[in-house]
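All chains, full assembly: derive it from the sequences and hints.
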Amino acid sequence: MPDIELQHIRKEFEDGKIIALNEINLKINNNDFAFLLGPSGCGKTTMLRVISGLTQPTVGKVLIDGVDVTGSPPQERGIAFIFQDFNIFPLSVFENCTYALKVQGYSRDYIIQEGEKALTIVGLAHRADEIPIGWSNGDLQRLGLARAICSGAKILIMDEPLGSLDPKISAEFRWELRRIIKDQGLTAIQVTHNQEEAMAIGDYIIIMREGLILQQNTSELLYRYPNSLFVGNFLGGINILEGYIRKDYQDNYYDVKIRLGGPTFKIHSTDKKFSLDENVIVLFRHEEVYLFPLDYDFENSQADWTGIVLMDGSISEKYLTGKAMRYMVELGNEDTVSVAKPEVFQYQFDINEGIKVGIFNEDLRLFKYPKNLAKEMDLQ
Amino acid sequence: MTQIKIENLSFQRRGFQILNNINLTIENGEYITLVGPTGSGKSSLIGLIAGLYKPTSGKIYFDGIDVTKIPPEERNCGLMFESYALFPHLNILDNVSYARHMKEANHQDTYDISREVIDLVRLTDRESTMPHECSGGMQQRVALARAIMAIEKRGILILDEPFKALDAGLRLNLRREVKNIVKSPLLNMTTIHVTNDMKEAMMGDRIIVLDQGTIRQFDSPDQVLYNPKDLFVANFFSTEINHFSGKIIAREPTEGKMFREKQLSKIIISTNENYILYAKTDKNFQVGDEVTFIIRSQYFKARHKRRESKTNSIYGKIKRAKFMGAWLRIELEAPFKPHNGLSEKNHTEVHTNTLPMKTIKIEVPTTRTAIHNFIVGETITVYYPSEFVIVFPRIPEKKLEQILRVD
Amino acid sequence: MQKLSNGVNKNIKKPVLLKMEQHFSKRVYKTFLDILVLSFFILIIAAPIINIISNVIDNIGEIRDRLFIDELLGNSQWVMMVKALWESFFVAFIAVIIDILIAFPIAMILTRGNFFGKKILDFLVDLPMAVPTSALGFSVLLFWRIFKIYPGRLLIIFVHVAFTYPYIVRNLKIAIEKVNPLLEKAASTLKASKWTVFKTISFPLIREGLIAGGILAFTRSLGETGATIICSGLVETAPLVVVALRKQLQLPSASFLSLLLIIISLILLIIVKILARRKTATKKFWQIHFDWEKFISKPVFTYGLKIFSFVTMILLILIPSFFIFSKILAEETMSELLGADNKWAYLWISLVNSFRVGFVVVFIDAIFAIPFALVLVRRNWGKMNSILDAILDIPLIIPSAALGFAVFMFWGPAGINLAEPGIGMISFTHLTFTFPFVVRPIVAQLRNVIPGHEEASATLGASPITTFRRITFPAIKNGIIAGMIAAFTRSLSETGATLIVMGGDRTIPVLIVDWVEQTAFSSASFASAMVIIVSAFLLALTRFFEPKQRDIF
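Chains as they are written, first to last, in the working numbering: chain S, 1 to 380; chain V, 1 to 407; chain F, 1 to 553.
FYI, nobody ran anything at the bench for these hints, they're computed from the structure. Worth double-checking, as some hints may not be accurate.
[Claimed, not checked] Now the in silico label distances, taken between C-beta atoms and shown as ranges:
{"#": "1", "chain 1": "S", "residue 1": "E14", "chain 2": "F", "residue 2": "G113", "range": "36 to 42 Å"}
{"#": "2", "chain 1": "V", "residue 1": "K153", "chain 2": "S", "residue 2": "L276", "range": "53 to 59 Å"}
{"#": "3", "chain 1": "F", "residue 1": "K273", "chain 2": "V", "residue 2": "S83", "range": "27 to 33 Å"}
{"#": "4", "chain 1": "V", "residue 1": "N373", "chain 2": "S", "residue 2": "E14", "range": "39 to 45 Å"}
{"#": "5", "chain 1": "S", "residue 1": "K117", "chain 2": "V", "residue 2": "T359", "range": "23 to 29 Å"}
{"#": "6", "chain 1": "S", "residue 1": "P2", "chain 2": "V", "residue 2": "T359", "range": "31 to 37 Å"}
{"#": "7", "chain 1": "V", "residue 1": "S83", "chain 2": "F", "residue 2": "F301", "range": "27 to 33 Å"}
{"#": "8", "chain 1": "V", "residue 1": "N106", "chain 2": "F", "residue 2": "F203", "range": "40 to 46 Å"}
Here a beta-carbon is modelled for each residue, glycine too, at the ideal position from N, C-alpha and C.
Pasting the structure below:
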């Protein structure tokens, strides 16, 4: 029995003028740490509010632990919510933390016991009597977390909890967050627009766009096998080449000829079917492009280059990103690809230098040519 | 393009010292990125350059002319605000051409020139739309065009966190586009681009690293990355770093290829954890010196199994391995090496008992061979090219923690 | 049904209070409260107005006869009404224009500026609002008498300029605040001189708010009675005619004029609400006269304008309003007060009356205002919310004499006869006027920080009533107090309606009117001074409780 289930959920605003959620079906199981990821306005926050009961869906059912809670208010759902702007009460740290237990009438001793426990978990036990004025965002969020844990709820719903933290701080704190959630055995769903955060600490990621769930999977599978250009582009830098189907091998393999005299790749595609001469897009990542100096000896090399397709190219741009060296490489057919190489890569190339470019067929993904390429690539 | 010179600039507000004795010179046509954590004083610095604030002391020169007392409407400087601040009651064309209207009485001429800039930012058929009808990306481009139009020939363009409000994908695309636009021969402006994102900072011809009101370093991306002046800069321009402290036990000059045009010496360090590690540096350290050095996570290579023979390597058990897209992030627990005297055999036993551990963070590219080959619990060896080590004179533990902690 | 982290030791001892709160959070009670609150609202605001309408319709024949074809007077009564309406409009219009011109710079610096003494200036600007209008009228009368300006149209204009001033400043501040100051900074980086920024950016964006604020102040001036009576001499404005007709017991005519005034005010109110929704869009870009605009942007002019604004405020507004204090040290005062007809006793009785009415009214207001504010802000009834919001403002817009008359007709002998003219009816009218004053600050505070906190409380398991007790109420506490004090001050100052319904009882403001009419100037001065001191103190108190701008949590 999934902990959280959404069935045919639809949420409209302003008499149907705005469709925030459009036919959402979702299952989140016990102890899952799920991430909701997507561009601004895709409906992720609305989704959280529907699950928690802060907003009622226009159509559809919400089930928590198998029970239909669609009409119930938040206080009857057994969930805890962490807000992006914290919503810490003007009370002491301890009173904030133990609020849930207080309003449900637990005994004083129990409240003290649980309060101390929760504050210790987040490292705020020594500040229990303080009033959280002028606190750093990180500490405020810790308090929010303690408050949620102390409530005893087993389901944690979080709306961009790390959103207001500086990049470096949030990179640290996210691990603490995951550790606490796993230690406490909670089921959690978190919204973020930071894909690095989702990939780092989530068990799996749900990608949303314009009120729909596009794809749901582990970060690795999403990264390797995106089901659309949008998902692919959203999770990291991509290169695309335009071409057409030259040959259909009839067992899910296709020969794709790249336009303007480009090379031919043999690409495997299970989830989509293509027809001869159909226009397609080939997708691969920045780090999936291999660069070789012109005099590279392929035969006697230690690495295994079987299956690689080689092309001629030249370096048109080169710059450091702070994490890697980025090369813009112009291919023979006038297409340009973006390549990321580690700074410690054994070869360093110069601008205008001629090189050999290699891509493995296995690394390529095939997509139908979309009606609006710019929109799919989110270039507007 | 204009040369900007700032002399002894200090700025106080409501009792707080926000900028402290800033000195810098930006040359004609440079694309400068200004980077620093929140609260470092970036907004104040650009506010002072634009003329929105008056400095407490110090002077600002544009092309040799003292502009310190000149109000913003008379400085040859355009500012693109972080929140865009588009005029809600004017359409795109009027927003963009606003500044020009102040100089040119003929509306038609003004509109013609504005249309060129509107073309440049790819908003050609949208000139009659109102700001509230535009997407975030569009608004950003209007704000950019508007700021550009405020600058006469040889002027200064300031971009205040121009991409902050946009999604990651759009941000990457617009970064290159904007730089190409402002560097084009038509415009060729001196640009200051403010950001708190390390990767965006690397876009600049030179980078100003600001922290708590002082300039830590003002250098090319190359220098800032590989020759940081202090640990703060080094840490800011890293995703993850590993730091070690130790003593230099040997030093040898190296022959052969120069690294980044520098002749390096090889130093051998015995760290606090009793590792023997090499570094190559052009700094003048001597045997016996106490040092602190860092190695960025992306400089490591990893091999399975332990390899004892190589001194310049560290082995440990994988504590955490996380797929992060283009990189695989691995955290190792590496044991402190026992002193000379203990035998090899005891290493293994000791490993599982009570010796303190050091956490090493590395990132390896997720090439097709790497992905599933690193499993939690496995012991691996990691090593790095010694030219990529950054060495500083010894930093005391407390200060180290303070700089790296950041909360 | 919260799941527990361990089953041991929990000891849920759900106290009676929590159980009760959970019970009363049920939907049926919510609906009950809604009905109660709406009934109260309808009773004190809508019912009297509807009653007047029906009254006029009932008596339409008699009204027509009396006004237009009277045996003795022909249509002179109608002519007199039209003339009075014209006077009211004229005075209000002039007063508002003058006020806008002299208040604008001050409103600008109060909104945008940050300087030493800003709070003091803010307080000074508001002061005339604290003064009961009859006392203010009297003070102004004494001041301008020195310059040989006697009761008449000019004096009326001066006094209207004085008491409308704080309203104009407040409304201007609201309009200016709506404009993002960053836009003005952006304009100056885009090479616009200060005057050009104002012309092309600030003013177009403020314009709508300015007009709305002007109209609101206009209605305030239109409806003013207390000060106008004292300063009018032979001139009659419309509210004064209503009072006179009432005194002469010409009730149908009074009904008719009241209704007319009410309709005019409602139309103006609707215009204001419509203006609030419009989005500005300009067609053609302005012609910039670069050199000239740069010239008048020079500091000497911008500072000069601010100083001019400040000086006129002191000379035209503040000094006349408080001039009364220079008069009360005369020896005659005490002898007059303790003289034959025992004015001293009347003074104290009236004071007691004012306070009694004030306290009772304010507390009843608070009890109903809190749930009403919650309904206004939290319930999602679509268009109904904005209608309620608009109706709430009616008592602020309608001339107090007209509304007072409507209340008199509804509750009194001519209507449902639940009250006689006197303290009781005075209280009913004051309820009507003061209700919006209590609701508004609560609404403002509710809109501020609270929704997130209430949601957090709900997700932590609290029933709606528990959330109200623990979160909402403590947060709006200050707003409630501020509203109550503002309402009390308003009640203390109320003249127009009270004149209509007072019967034999007196409150302080109408006592002042009485004494001025009896030329007992010293006593009137003394009473005025007393009330001004109390009101000023209350005003300072409100500022203390006013909801703060930014909430840390």
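So, going through the hints one by one against the coordinates:
1. E14(S) / G113(F): 36 to 42 Å: Roughly 39 Å apart at Cβ, these two residues keep to the hinted range, so it holds.
2. K153(V) / L276(S): 53 to 59 Å: This hint holds: roughly 57 Å between Cβ atoms.
3. K273(F) / S83(V): 27 to 33 Å: Holds: the Cβ-Cβ distance is about 29 Å, inside 27 to 33 Å.
4. N373(V) / E14(S): 39 to 45 Å: violated, 53 Å
5. K117(S) / T359(V): 23 to 29 Å: For K117(S) and T359(V) the Cβ distance comes to about 27 Å; the hint holds.
6. P2(S) / T359(V): 31 to 37 Å: holds, 36 Å
7. S83(V) / F301(F): 27 to 33 Å: For S83(V) and F301(F) the Cβ distance comes to about 31 Å; the hint holds.
8. N106(V) / F203(F): 40 to 46 Å: violated, 24 Å
The structure fails to meet hints 4, 8 from the earlier list, while all remaining hints are met.
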